[in-house]
Structures are given as structure tokens and as C-alpha cells.
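S.K.: Protein chains in written order, with the UniProt record's numbering: chain A, 1 to 309; chain B, 1 to 340.
Hints are supplied without guarantee of correctness; some may be wrong.
[Claimed, not checked] To spell it out: a stretch of chain A is covered by chain B in this simulated footprint if at least three of its residues, at any positions, have a beta carbon under 8 Å from a beta carbon of chain B; those stretches are: (1) 220–229; (2) 284–290.
[As the list claims (entries may be wrong)] A short, non-exhaustive set of chain A residues, derived as facing chain B with CB atoms under 8 Å: (3) 18; (4) 136; (5) 277.
None of these hints come from the bench; they were simulated from the model.
Glycine is no exception: its CB is placed at the ideal position from the N, C-alpha and C atoms.
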Amino acid sequence: MAKYLLKRLFYLILTLFLIATITFFMMKLLPGTPLSNESKLSHSQIQMIYHTYGLDKPVWQQYLIYLAGMVRGNFGLSFQFDNQPVSYLLATRMPASFQLGIQAMIVGVLLGIIVGGIAAIRRNTWVDGTMTIISILMISIPSFVLAILLQYYIGLKAGAFPVAGWGNFSYTILPTIALAGSPFATTARFIRTEMVDVMSSDYIELAKAKGLTSTGVVYHHALRNSLIPLITLIGPLTVNLMTGSLVVENIFAVPGIGEQFVKSITTNDYPTIMGITMMYSVLLVVVLLITDIVYGIVDPRIRLQGGQS
Amino acid sequence: MAENANVSNDAFEPLGKEEHLDNEKIAAPSLTFTQDAWRRLKKNKIAFISMWILLAVLVLSLAGPLISPHQPNNAQPAYTNLPPKIPGVHIPGLDGTKAVDGGRVDAYQQQHVPSGKYWILGTDYLGRDLLSRIIAGTRVSLAVALIATLLDLTVGVGYGLISGWRGGRTDMIMQRIIEILSSVPNLVYMILLLVVMRGSLLSISLAIAISSWTTMARLIRAESLTLKSQEYILAARTLGESSWKIAWKHLIPNMSSVIIIQTMFTIPSAIFFEAFLSYIGIGIQPPTASLGTLISDGQKNFQFLPFQMWYPAVVLMVIMICFNLFADGLRDAFDPRSRE
């Protein structure tokens, strides 16, 4: 286990290093400079500004400074947004994004388990059909369309929840629903397949033969065994939530990372783009590592395979 | 009992000598793999209908320049934001009226549109015909999806085949590369690439393909590892067949179902990402229409002219739903075990 962990940590650091390097040199490839439009500046003024941002040093020095800074959580200064440090900018925006992401994950996964489970138990009936249609709909409706529809029909027309902004809990409800659509549908489909699989296995037959009630069989055996592989879904779901948060936060004007990312992309704020890129990568890499370890603990069969390879 | 015993021998008729030979005969015609899958697909009504809808969408978008009533990028400042109007139809929403303060006003009269002119799905904020833009936009979205999928297919299948077939150290290194690549959020690749390359049809397809080929490569590698140890591959190798020929003649045909199914799931996700990237403004650049840019444009006026977002959004959703349903049906058709 310790050897496995060390190996994983090594790959984790290698991955992050590669991403950091690639992002840095891609940003250097970009034509123009942040100041190329400001023709009114004199040459010495431009040099001064370059000096402030460290852009007058050779590229390899900039690269080393950038790497060294990143290790300490310093992503440089933002080109836009009042020259705040990127790390500060991100820190102020993290809580909103995390709250939305976690809420959406919980709501989506719980609902998905319930819906997928019911569909599996009532397999090949109209209940199953309806549940399948709902989950296909939720997979097929892009989060930004769902968000706009929710905002207009539930927020504005029905006036049930605040239309946009960030404040008390009620502000989080509509964005959470919009974000939860994709994890919900993915979980529901996954759980249905898993449970159908588990329900046809021998130990379920045995449990039934023992005389357990059907709820007992479903709760103690079928559901529990289907939940374990669900852990592997957490990584992909995190990616889905990141993608969704970009547009959903934008539509509901949530002061989160996703909204900041879109703003930085449209204003060519490269240090912030790099910072958010790194943050997303670190988040995903860590989530993947944790889910792998947890999965290994919960299901010893996986650990054995992992140790051999 | 006694009565039964009275049946005389005449009641029985001896079988012909040849007839028992038919017992072994296979009654149903033998089907190839594709025919069998097609038969199963036809039984799945939902998937079959989805397939026809998709074909219709494809034909409509390809025939777009011939059938669209107006030029998709032709702005007419005099006729902006007109609601849909179909002559002879008097359903609110399709008769050229729009809701103003609870009542409905004929927008065409208000803006002094000549009586012969009409726009079936209305016009956008620059006076461009929405129907023509949706047709053109669908074509762009489908083109992005198809190019991305094609790239994904070539790279993914090639990489997976080499990795699985060569095995050993090559396989180990190639798998480590995939592991590293797939622990980067695909969003990050796409956005970085598009920030550097600027959105165009090709760059978006490339960005989508780069972030999705690893799944295909993994599937193909696993598949070629299993196929590699089959006897017919061993036979082909013993007979001195080259690796290329084995890959073309044996490996790829035997993986076709995996490849087709994975492709069918890649296309809707490519369509989604195109719409997503165009929506946040780094995908297809205006004035070119794509479903994403149309939704993004329509959203600005959603409160007053909801149709401007609804129509492209509905087209996008229908395409996505049909692709997902069709892919599901296809998977069941190719792999009956998954349905069970």
C-alpha cells in the first residue's frame, strides 16, 4: 500500500509539473503582449511595467520564477482586476464555487441513487421507462440551457427564488439544481446498470431464498453492493461540475471560480487563466487519488490488482 | 386405459425415410453480425425513430443552402426582432404577433414590413432570418462534431492498437502517458488551446478531439489485449502475416462494435462541447452561426422574445437526445448481453 501510494504521489507531481510547463509555454506562444494596444505609453513606461510583472527577464528565468512561485501558491498578479494577486482573487471566489459544487454533487448523486435504484427494482416496467427518459433528458439538456430556463421560469416568472446574485441559502437553490442535472443523470444510469447486474447474482438469490423481505434484499445487498463502484464516478462527476460551473455561475452571477474563469478568458488575463487551470488540475488530480485510495480500502479486490501492476 | 389400447395400427402412418434429416436443418436464414445487429436495432422502436430523426436533421442541414429561405448572415436593420410568422396560421406565437402588456400586437404592421414578407421562425436582433441561421448553425455544429469524432477515432484507435499489440515496455510507457493526460480536466485543454489558437471550426474540433481520444484509446487497448491471445490471430502470425495486415483484417473488424458504440457516445459530447465553448464566447466566432452562438444570442432577449433562444435550444436538445437514445439502442443491438 505504501509503495502504491508513493508511486501515485510521484505521478501526481509529474502530472502537475507537466501541466504547469505546458500552460506556461502556451501562454508564452500567444501573439502580442497585454500592453500591445496601449500605444500612448512611451518606451520607458512599457519597460517599467514589464519590470513590475517580471516580463523583462529571459523566458527560462520567468519559467523558473513561475514554478517556484506556484509551489508556494503564488500565481503572480492579475493583468486585469486591479492587479490583485491571482491567489487572492481565487481565494475570495472559492467558497461560493465549493458550496455550489458540493451541494450539486450531494443533491445529484442522492437523487440519482434513488431514481436509478427504483428503475432497477421495477425493471422493464413503465416506472423504469419513465426514469430512463428523465435521465436521458437530463443528460441531453446542456447545463446552460437548463440554467437559463430555470432562471426565467422559476426565478423570474414564478418568483420562487432569487433570479441571480449571491446571498443567503435561497440564492444557491437554482444554480444547484442547474448544476445537479448532469451528476443526477449520470448516477441514475450508472446505479440502474449496476443494480440490474447485482440483482441477478447468486447471493441475491440466496438472500431471497433465506426469506428476506424484498426491501431487505434491496437495501442490505443490492443497493450496498451497487454503491461501491459509484466511487469511481466521483472523478468524472467533478469534471462535469467544473464544466457546468463555468456557465451556471455566469448565468446566475455567482461570484465563483467559474465566473472568474470566463471573465479572464474574455479579457485575456493570462496569469488568472493559468492560476485557475492549475487549480482545476490540482483539484481533479487530488480527487482522483482520494477516490482510488478509498476504492481500494472499500473493495480489496481492486487493491490486489493495483499492487500487482 | 382399455379404450386407449384399442387404437389400431392403421391410425399411425410411418415417416418417410428421408424426413428425419430435416431435424438438423437450420430453419432461420443465417445472419451476418451486421444483419443481426440491424435486426435487433429495428426492434428497438425508440432507437430506430431517433435514427430517422438524426438522418432527417443531417439531410436538412446538408441541404441548408438550397432550402433555407434567406441568407443566414444577411442583416436587415429594418426587420429586427420580428416574431415568427407563417401565412395562414393563426396560432399566437406563429402569426407574427408578439405579447405586449398582456395583449398581442402585430409586430409586422408595427415595423411596416411589406405584406408579402414573412419569416417562419422570426428574425434576430440584427434582422437575420432565424430559420436559416438554425439550419446553418446545425450544419456547423454537426461538422465540428464529425471532424472531432473522426480525429478522436483515428488517434484513439491507432494509439490503442499500437499499445495493446506491442505490449511490454511500449505499452507501459503509452499507458502512463494516457494516465497523466486523463488526469487533466478536459476543460483545461480545450480552453487553453482555444485561447492560443482562437475559435475556428478546425481548432474547436481539434480541442475537443484532444480532450476525448484517451477513452477510445483505453477501450481499444483492452480489446486488442483480449483479441491478441485468440487462436486465429496466432494462426495469422504463424502464417507470417504482417502486423499491419493483422490489424486491418482481424483486429479492427472484430472491434467494430466497440468502435461504433464509443463513436456514437463521442458525437453528442462533441456537440455539447461545441455549444458550450461557443456559448462562453471562445468557440465559433460571430457572425458564423452555431447552435451555441444562437443560444447565447437568444439568451440576451429571452425575457421579451423567448423564441429566439427556444428554437435553437430545442434543436440542440433534440439532436442530443436522439444521439443518446440511438447510441443506447446501438449498444444493445451490438451487445445483447448489456440488455439481458
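S.K.: Take the hints in turn and mark each one as holding or not.
M.R.: Okay, the hints, checked on the actual structure:
no.	hint	in the structure
1	220–229	violated (count 0)
2	284–290	holds (count 3)
3	18	6 Å, holds
4	136	5 Å, holds
5	277	5 Å, holds
When held up to the earlier numbered hints, the structure conflicts with hint 1 and nothing else.
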